[in-house]
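K.L.:
Per the numbering used here, residue 26 is the first one in the sequence shown, and the count goes up by one each step.
These are computed hints drawn from the structure, not numbers from a lab. Do not take every clue at face value.
As the list claims (entries may be wrong) - Ranges of calculated distance between the beta carbons of each label pair, as one might list FRET restraints:
| # | residue 1 | residue 2 | range |
| --- | --- | --- | --- |
| 1 | 129 | 43 | 24 to 30 angstroms |
| 2 | 94 | 119 | 31 to 37 angstroms |
| 3 | 125 | 27 | 23 to 29 angstroms |
| 4 | 124 | 60 | 28 to 34 angstroms |
| 5 | 121 | 96 | 35 to 41 angstroms |
| 6 | 133 | 35 | 36 to 42 angstroms |
| 7 | 122 | 62 | 14 to 20 angstroms |
| 8 | 58 | 81 | 35 to 41 angstroms |
Since the model is a prediction, treat every value here as computed from it, not as a measurement. Using N, Cα and C, we set each Cβ at its ideal position, and we do this for glycine too.
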Amino acid sequence: YSRGAVVNATFQAANPRNNLRLEGTYAAVEQLQNGVWTQVRNDEDWFLVYTWTRTNWLLGYSEVTISWETAGDGAAAGTYRIKYYGDSKPLIGSITAFEGTSNNFTLV
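Could you put the whole structure together from the sequences, leaning on the hints where they help?
P.N.:
Below you can see the structure in the form of structure tokens.
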């Protein structure tokens, strides 16, 4: 991707009301720095957009699309990935945290 592009990642998701994440984040951008993934953006960032969509009301399926608007963000060139943090809620049982990770991508 060239800097200024909008990068999107879509994940199978859970209802965000399962955990309001008051001390955490639903979405993040990580950059590979010296061989280590470091969080450089989270859902407090105005240029990281989190969109939740219910895809099946009966079965409770949903998707999340996370869009990173790199144009207004002053993003540096480098290797990145997008992370999604969710919490699944079965009909019977307890809520379980999970996370999803996009493929790596490069901003040039």
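K.L.:
Run every hint past the structure and note whether it holds.
P.N.:
We went through each hint and held it up to the structure:
no. : hint                         : result
1   : 129 / 43: 24 to 30 angstroms : holds (28 angstroms)
2   : 94 / 119: 31 to 37 angstroms : holds (36 angstroms)
3   : 125 / 27: 23 to 29 angstroms : holds (25 angstroms)
4   : 124 / 60: 28 to 34 angstroms : violated (20 angstroms)
5   : 121 / 96: 35 to 41 angstroms : holds (36 angstroms)
6   : 133 / 35: 36 to 42 angstroms : violated (23 angstroms)
7   : 122 / 62: 14 to 20 angstroms : holds (18 angstroms)
8   : 58 / 81: 35 to 41 angstroms  : holds (39 angstroms)
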